[in-house]
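Modelling step: build the complete structure from the supplied sequences, incorporating the hints.
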Amino acid sequence: LLENAAGEMGAKMSAMDNATRNAGDMINKLSITYNRQRQAQITKELIEIISGAEAL
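FYI, the numbering used here numbers position 48 of the sequence shown as 48, with every residue one higher than the one before it.
Cβ pair distances, simulated, as ranges:
1. 55 to 25: 41 to 49 Å
2. 23 to 56: 45 to 53 Å
3. 39 to 19: 24 to 32 Å
4. 26 to 3: 31 to 39 Å
Hints in this document: simulated from the structure, not taken from any laboratory.
Glycine included, each C-beta is placed from N, C-alpha and C at the ideal position.
So, in structure tokens, the structure goes:
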């Protein structure tokens, strides 16, 4: 009986460890995507500012 409980706990712990690792990977990927989009927006705004200044 105790071995079954221990096995079940081990399986749950392993599943949660995998879920935690996957969540961390997802956070990293989303952070990279967010930062790239933010940088693209900043670059676009700078180009617009420079183009406006050159038009003067």
